[in-house]
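Asks: Here are the chains, one letter per residue:
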Amino acid sequence: MAGVAGGNDFQWCFSQVKGAIDEDVAEADIISTVEFNHSGELLATGDKGGRVVIFQHEQECKNRPHLRGEYNVYSTFQSHEPEFDYLKSLEIEEKINKIRWLPQQNSAHFLLSTNDKTIKLWKIGERDKRAEGYNLKDEDGRLRDPFRITSLRVPVLMPMDLMVEASPRRVFANAHTYHINSISVNSDHQTYLSADDLRINLWHLEITDRSFNIVDIKPANMEELTEVITAAECHPNQCNVFVYSSSKGTIRLCDMRTAALCDRHTKFFEEPEDPSSRSFFSEIISSISDVKFSHSGRYMMTRDYLSVKVWDLNMENRPVETYQVHEYLRSKLCSLYENDCIFDKFECCWNGSDSAIMTGSYNNFFRMFDRNTRKDITLEASRECSKPRATLKPRKVSTGGKRKKDEISVDSLDFNKKILHTAWHPKENVIAVAATNNLYIFQDKIN
Amino acid sequence: MGQRDIVSYETSVRRKSRIRTASTMCRLDVESDVKGPEQHGNALPSSRYMVGRGVKRKLSECEDQMLDLPYPQQRQLVLDLCLDKLQSCQRRAEPSLHRSVLLANTLRQIQREMRQEGGPHHPESPPPAPATPCHSPELPPVPSDRPSTPVAALSSSLLCEDDDAQSTCTELPKGPWSEDVGKLPDLLFGSFEITNSTSYLTDLQLDDIFEDIDTSMYDPSDFSVLACPPPRGSSGASLGNDYNLKAFSTCTTSSSTLQMCLNDLDHIMEILVRS
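Taken in sequence, the protein lines are chains A and B. For the first sequence, full-length UniProt numbering begins at 1 and goes up steadily by one. For the second sequence, full-length UniProt numbering begins at 1 and goes up steadily by one.
The set of hints was computed from the structure by calculation and includes no laboratory data. Yeah, the Cβ is synthetic: ideal placement off N, Cα and C, and Gly gets one too. A hint or two may mislead.
Under the rule of at most 27 Å between Cα atoms (straight-line distance), these lysine-lysine pairs were calculated in the DSSO-like manner [claimed, not checked]:
no., chain 1, residue 1, chain 2, residue 2
1, A, LYS137, A, LYS120
2, A, LYS405, A, LYS375
3, A, LYS267, A, LYS248
4, B, LYS85, A, LYS345
5, B, LYS85, A, LYS120
6, B, LYS85, A, LYS218
7, A, LYS387, A, LYS402
8, A, LYS402, A, LYS427
9, A, LYS248, B, LYS85
10, A, LYS345, A, LYS248
11, A, LYS402, A, LYS445
12, A, LYS345, A, LYS402
In silico negatives: residues of chain B with every beta carbon more than 10 Å from chain A [said to hold, decoys possible]:
no., residue
13, GLN73
14, GLN87
15, LEU97
16, LEU102
17, ILE110
18, MET114
19, GLN116
20, GLU117
21, LEU262
22, ASP264
23, ASP266
24, HIS267
25, GLU270
26, LEU272
27, VAL273
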């Protein structure tokens, strides 16, 4: 796959935007997770209201092959409802923290969705036929009087309008005391892990009343708590390996074959701190908000507040690549601390060939880095750049004194417009970017 | 076919306290330009709201002010912010253990620094427990032990620093805050558990239970034993506010009952000896 920065080959252009336009954003509509399935045909989003919306890639028109198909709504369902913990007088939010697709094994699609407390396995199936000609009931469902039936017939399957049904198949509940932040399906397609602030559990997809605790970092005395788990992921190929990141900027790789409780890591990744850049906020900005293995399984990527780092799994003492996302914010950390933006958790993602990575920033900006050419680009997800197939113009934030034309100064950035969730199609150059309550889909321009 | 377009869907759940629109959160200035599709792609809107949650408007102002300050004042500013945030943690709609841990760590780091600098000027002693006469009808608050947590030590070091020459340190507001700081990490971190666990009792303010009890006969020091949480696995299931006294009785371990008996005897002996 060629490079991502606007060069000779690829230019990103607007494809679609989903969601309400008006300025008044209902909190329940804020998108909290975005995920393509393994083929890229389906794109799932979860929101703060506990709903999941799945978009399907329409087949390209045969008449106009130069137009890529669009994503349209395939299914919408309420995944989680708000709950109330009466003992603590606390609401348990219905916000969908993560969605992960299972690899497709038959005609139906399965995904795991989780809120702070409960994970659910949903089956999304299609129905395009129905049986007609039942003996014991009428077409409208009323039961027939059996004594009136004089002859029997065989029901016939008739085509009907396509109906997409989502049904909960499993509910994995009551295994997490703290807020779930990650779920990850294992490469064995039978198990998955779920991680909260202090513990990681391993589940079997068929078994809901039991899970194995594989990591527990809760100290005996809660007063000694200084570190929490921020993200966890299963290795894409090795079903015995997983990693988890912490709020102290470290990543631990564990092998489940070594012990039942993987409290002792197999590998420990940490970059030594640069003493010259130490500040009051050094620890806070080193907290890792997302960790993702590359598709190959050789590398992993971590996102902390100001940068994205690519690690070679064979080298623990420092990352092999570091990309600055918005270094101009380093001098503004106090303000960002004051308004809580410093605690924002940005995600990151790889493209299908692992040659490029993408992550979000503020002001509805998102950044893409080409690992081969070392070029990077900043783009904006906004309604202003939303003409169909309009090429996105690269954006630039001016750091120095003089602001050039078309540049935006740091002080003008809108810190309420944050892009925390992005996803890259596993095979094509199509990306989905969640900007608060809107979902933007961008594609490369086919020449 | 299913729906082809999304229209803004009805939100099924709207709770009054949690509706925060982008406009009310951060718009401190009225926007002079209305964003619309007719705007050119090149033109930037003339005004943008800068900082969320209605705090400072301009990033640069805070940063300039902060960087102008000498280091101890910078540190004090961060410390104040930290304490504010930790205090308001419980009130947030979405409590986050991650955030609290990061705040507590920052607090500890600053406190450690201040302690190193403070050096010989302030002792490590805990804040003196409020003096109460033996036979006061009012139960004295549980005296905090020597600061076992860095956060408790922070409160003590800050209180002691009032005597310092360093006038830059602002006084830690006294009252409920300084008493609670010692219990802060436990309360903070302990309250993040979601499920109905038997750790309910560890979160109780045990002080409140004892306020009604007439303690004129007992030595106040007896009650330090009762501040410990019950052993895990005790039947916490049926406890509610009405059963606080029952909780009180189930709280005590056998050793404390023994101690109370011994103190009874001592007291009686005293009376006998005096007479």
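Asks: Look at each hint and say if it fits the structure.
Replies: How the hints compare with the structure:
1. A:LYS137 / A:LYS120: Answer violated: LYS137 of chain A to LYS120 of chain A is near 34 Å, above 27 Å.
2. A:LYS405 / A:LYS375: holds (22 Å)
3. A:LYS267 / A:LYS248: Holds - the C-alpha atoms of LYS248 of chain A and LYS267 of chain A are around 16 Å apart, at most 27 Å.
4. B:LYS85 / A:LYS345: holds (18 Å)
5. B:LYS85 / A:LYS120: Violated, at roughly 34 Å.
6. B:LYS85 / A:LYS218: holds (23 Å)
7. A:LYS387 / A:LYS402: violated (31 Å)
8. A:LYS402 / A:LYS427: violated (41 Å)
9. A:LYS248 / B:LYS85: Measuring from Cα to Cα gives roughly 20 Å; hence the hint holds.
10. A:LYS345 / A:LYS248: It holds: about 14 Å lies between the C-alpha atoms, which stays within 27 Å.
11. A:LYS402 / A:LYS445: At roughly 33 Å apart (the allowed maximum being 27 Å), LYS445 of chain A and LYS402 of chain A break the hint.
12. A:LYS345 / A:LYS402: Violated, because 31 Å separates the two Cα atoms, which is more than 27 Å.
13. GLN73: Given that every Cβ of chain A is farther than 10 Å from that of GLN73 of chain B, nearest at about 12 Å, it holds.
14. GLN87: The assertion about GLN87 of chain B holds, with a minimum of 14 Å to chain A.
15. LEU97: violated (5 Å)
16. LEU102: violated (5 Å)
17. ILE110: ILE110 of chain B is in fact no farther than 10 Å from some Cβ atom of chain A, at 7 Å.
18. MET114: The claim holds: MET114 of chain B sits with its nearest Cβ about 12 Å from chain A, beyond 10 Å.
19. GLN116: Non-interface label on GLN116 of chain B holds, nearest chain A Cβ at 15 Å vs cutoff 10 Å.
20. GLU117: Per Cβ check, GLU117 of chain B is outside 10 Å of chain A; nearest 15 Å; holds.
21. LEU262: holds (29 Å)
22. ASP264: holds (33 Å)
23. ASP266: holds (33 Å)
24. HIS267: Holds, since 35 Å exceeds 10 Å.
25. GLU270: holds (38 Å)
26. LEU272: LEU272 of chain B clear of chain A: closest Cβ-Cβ about 43 Å, beyond 10 Å.
27. VAL273: holds (43 Å)
The structure is inconsistent with the numbered hints 1, 5, 7, 8, 11, 12, 15, 16 and 17, although it conforms to all the rest.
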